[in-house]
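Student: For reference, the chains in residue letters:
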Amino acid sequence: MPSDFAPSASPVVARLIDAFRKLPGVGPKSAQRLTYYMIRMPREEAQELADAVIAIKDRIVLCEICQNISEQSPCEICSNERRDQTRICIVGEPLDALAIERTRAYFGLYHVLHGVISPVNGIGADDLKLKELLERLRDGTVTELILATNPNLEGEATAMYIQRLISPLGISVTRLARGLSAGADLEYADDTTLTQALQGRSEVESGTP
Amino acid sequence: MTSEKPRIYSAEGVVLRHHNLGEADRIVTLLTPGRGILRAVAKGARKPNSKLGGQLDLIRRVSVSARTGRTLDSISQAETIESYPRLKMDLELMSKAFYLCELTEKFAVEDAPAARVYRMLIDGLSQLEKTKVPDLMIHWYEMRLLHLNGSQPQIQRCVDCGNDLEQEDHVFSAMRGGIACPSCRPSGSDTMLPASVATIKLLRFLQRAGQNEIERLRVAEDDRRQVERILREHIHFATDRTVRSASFVDEVRSQGKRVSG
Ligand SMILES: [Zn+2]
Ligand SMILES: [Zn+2]
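First to last, the sequence lines map onto chains A and B.
For the first sequence, our numbering begins at 162 and goes up steadily by one.
For the second sequence, our numbering begins at 148 and goes up steadily by one.
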């Protein structure tokens with residue numbers, strides 16, 4: 162998409178502006194500001210930035226077990242034998258796992274779904290890393306699943322779907338306690354709130370048929 | 148036009164969809180009686196201390212205060228009128244509520260009053276909370292919306308020869324918008340769906356039945372599935388849009404069957 166707001170910018174400049182505009186949360190103005198900032202940046206700093214971008218593309222992989230992003234597979238958490246192997250905390254995005262990890266109140270494993278069920282956007286259960294989850298539950302080591310999807314309707318739909326999917330396996334399923342403010346993103350919750358939510362998690366009733 | 152001062156206004160609506168914007172904002176799409184589809188930004192809605200986020204979650208009836216903006220209006224306050232708790236405790240009902248909302252959205256447009264469509268939606272959501280026959284209620288609702296929109300399927304006479312339908316199996320042509328006799332199946336690249344006698348009867352019943360009458364209805368699942376396919380195909384043709392939540396309805400239904408064995 163050509164840059165329509167800076168017609169006089171040279172093609173090289175316009176190219177970077179357009180690249181920034183593709184980033185989440187970056188509008189035309191910020192894209193322009195970032196670009197002009199970089200024009201004045203020392204070459205080494207620019208090189209460092211470019212290298213860092215390429216490095217995440219080259220070196221970051223999905224952990225074959227928990228599907229989290231990592232530099233190695235299995236990731237550090239999955240290969241750490243001191244972590245509680247009987248618990249898996251299910252989150253929507255890698256950032257949510259990071260937020261929970263920051264609390265230092267959880268010592269089990271994770272599973273990253275890479276999304277949540279979003280019916281109006283055509284994202285269904287098939288688009289989430291659920292087959293990989295079921296695979297992990299087969300050998301019976303895991304006895305508790307903690308559903309830590311965002312406290313909003315799509316997060317709730319995802320949690321309920323997983324709860325139904327798991328119910329024949331007889332594994333205990335818990336949901337992060339209410340304390341989390343409804344509608345807010347998990348990744349923004351402060352450590353204290355998140356710790357309390359983890360400690361106060363409650364068993365999900367297997368009410369549905 | 149851009150020199151106009153921002154105006155504060157209030158509106159009522161049902162939250163149909165939302166997506167993230169920037170660091171912690173959210174763009175919310177509401178169906179409102181006065182303005183039809185209303186898209187507005189809720190600043191900071193994803194932050195934990197924000198009251199907006201919880202109020203502006205999907206499938207909630209809310210009243211909002213907003214101010215006009217150059218590109219998007221922005222919502223400064225939101226209060227829940229109805230949160231439909233029963234629809235959110237059961238996955239089957241929740242999937243149907245998603246479908247109902249998205250379907251209704253396809254029959255409204257941006258910046259044009261939609262009082263009747265809005266009334267249908269809030270009545271529909273309340274009814275879905277109470278009904279004993281959620282699947283049939285959805286089909287009845289689909290028929291009502293199509294009626295409101297003037298795009299009901301032709302289920303009285305053959306869309307091709309115009310004759311009354313005989314007591315036999317027929318086909319449904321979405322392209323022609325109705326039932327055709329087997330002998331004069333309209334030609335072309337159109338997909339024909341089977342329409343048994345029982346299916347046609349059910350379609351006709353849904354078209355004339357009142358809200359309470361459908362509660363007493365008991366139908367064979369196969370016939371209902373045929374009606375479901377026909378109505379979805381017809382809606383797809385009539386609105387030229389795809390209701391994506393339909394596949395979630397199916398996903399949940401088939402999961403429910405597997406779980407209950
Ligand atoms: Zn891992
Ligand atoms: Zn005919």
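Since the hints were made in silico from the structure, they are not lab data.
Among the hints, a few may not be true.
[As the list claims (entries may be wrong)] Derived PhoX-like pairs (lysine-lysine); straight-line CA-CA distance at most 25 angstroms:
| hint | chain 1 | residue 1 | chain 2 | residue 2 |
| --- | --- | --- | --- | --- |
| 1 | B | K277 | B | K235 |
| 2 | B | K190 | B | K152 |
| 3 | A | K183 | B | K404 |
| 4 | B | K253 | A | K290 |
| 5 | B | K279 | B | K235 |
| 6 | A | K190 | B | K190 |
| 7 | A | K183 | A | K218 |
| 8 | A | K218 | A | K290 |
| 9 | B | K152 | B | K279 |
| 10 | B | K404 | A | K290 |
| 11 | B | K404 | B | K235 |
| 12 | B | K253 | B | K235 |
| 13 | A | K183 | B | K190 |
| 14 | A | K190 | B | K152 |
| 15 | B | K277 | B | K152 |
| 16 | A | K292 | B | K404 |
| 17 | B | K348 | B | K279 |
| 18 | B | K198 | B | K235 |
| 19 | B | K194 | A | K190 |
| 20 | B | K152 | B | K194 |
[What the hints assert, rightly or not] Quick partial rundown of chain A residues pointing at chain B, CB under 10 angstroms, derived from the structure:
| hint | residue |
| --- | --- |
| 21 | A175 |
| 22 | P312 |
| 23 | R325 |
| 24 | Y349 |
Ideal Cβ placement from N, Cα and C applies to all residues, glycine included.
Student: Are the hints correct? Go through all of them and say.
Tutor: Right, here's what the structure says about each hint:
1. Of the supplied pair hints, the one linking K277 (chain B) and K235 (chain B) holds, its CA atoms being roughly 13 angstroms apart against a limit of 25 angstroms.
2. With a CA separation close to 20 angstroms, the supplied pair K190 (chain B) and K152 (chain B) stays within the 25 angstroms bound.
3. A threshold of 25 angstroms between alpha carbons decides the hint, and for K183 (chain A) with K404 (chain B) the separation of about 42 angstroms lies outside it, so the pair is violated.
4. A hinted pair counts as satisfied when its Cα atoms are at most 25 angstroms apart, and K253 (chain B) with K290 (chain A) does not qualify at roughly 30 angstroms.
5. Simply put, K279 (chain B) and K235 (chain B) have alpha-carbon atoms about 16 angstroms apart, close enough for the 25 angstroms limit, and the pair holds.
6. Only pairs whose Cα atoms come within 25 angstroms are accepted, and K190 (chain A) paired with K190 (chain B) is accepted, the gap being roughly 18 angstroms.
7. For the hint pairing K183 (chain A) with K218 (chain A), the CA-to-CA distance comes to about 17 angstroms; that is within 25 angstroms, so the pair holds.
8. Distance hint between K218 (chain A) and K290 (chain A) is fulfilled; the C-alpha atoms sit about 21 angstroms from each other, no more than 25 angstroms.
9. Distance hint between K152 (chain B) and K279 (chain B) is unfulfilled; the C-alpha atoms sit about 51 angstroms from each other, more than 25 angstroms.
10. In summary, the hint linking K404 (chain B) to K290 (chain A) is supported, as the alpha carbons are separated by about 22 angstroms, within the 25 angstroms threshold.
11. Distance restraint check for K404 (chain B) and K235 (chain B): the Cα-Cα separation of roughly 20 angstroms lies within the 25 angstroms cut-off, and the hinted pair is therefore satisfied.
12. Distance restraint check for K253 (chain B) and K235 (chain B): the Cα-Cα separation of roughly 23 angstroms lies within the 25 angstroms cut-off, and the hinted pair is therefore satisfied.
13. A threshold of 25 angstroms between alpha carbons decides the hint, and for K183 (chain A) with K190 (chain B) the separation of about 21 angstroms falls inside it, so the pair holds.
14. The suggested pairing of K190 (chain A) with K152 (chain B) holds, with an alpha-carbon distance near 22 angstroms, which does not exceed 25 angstroms.
15. Under the criterion of a C-alpha separation no larger than 25 angstroms, the hint pairing K277 (chain B) with K152 (chain B) is inconsistent with the structure, at around 45 angstroms.
16. With a C-alpha separation of about 19 angstroms, the suggested pairing of K292 (chain A) with K404 (chain B) holds against the 25 angstroms cut-off.
17. For the hint pairing K348 (chain B) with K279 (chain B), the CA-to-CA distance comes to about 21 angstroms; that is within 25 angstroms, so the pair holds.
18. As the CA atoms of K198 (chain B) and K235 (chain B) are separated by approximately 20 angstroms, the hinted pair is consistent with the 25 angstroms bound.
19. Note on K194 (chain B) and K190 (chain A): the hinted pairing holds, with a Cα-Cα distance of about 23 angstroms set against a maximum of 25 angstroms.
20. With a C-alpha separation of about 29 angstroms, the suggested pair K152 (chain B) and K194 (chain B) falls outside the 25 angstroms cut-off, and the hint is violated.
21. With 10 angstroms as the threshold, the beta carbon of A175 (chain A) stays out of range of chain B, its nearest partner Cβ sitting at about 22 angstroms, so the hint is violated.
22. Of the supplied interface hints, the one on P312 (chain A) holds, with its beta-carbon coming within about 8 angstroms of a beta-carbon of chain B, less than 10 angstroms.
23. Restraint check, R325 (chain A) versus chain B: the minimum CB separation of about 6 angstroms is within 10 angstroms; hint holds.
24. Using the Cβ-Cβ criterion of 10 angstroms, the hint placing Y349 (chain A) at the interface with chain B is satisfied: the shortest such distance is roughly 5 angstroms.
Checked against the numbered hints above, the structure breaks hints 3, 4, 9, 15, 20 and 21 and satisfies the rest.
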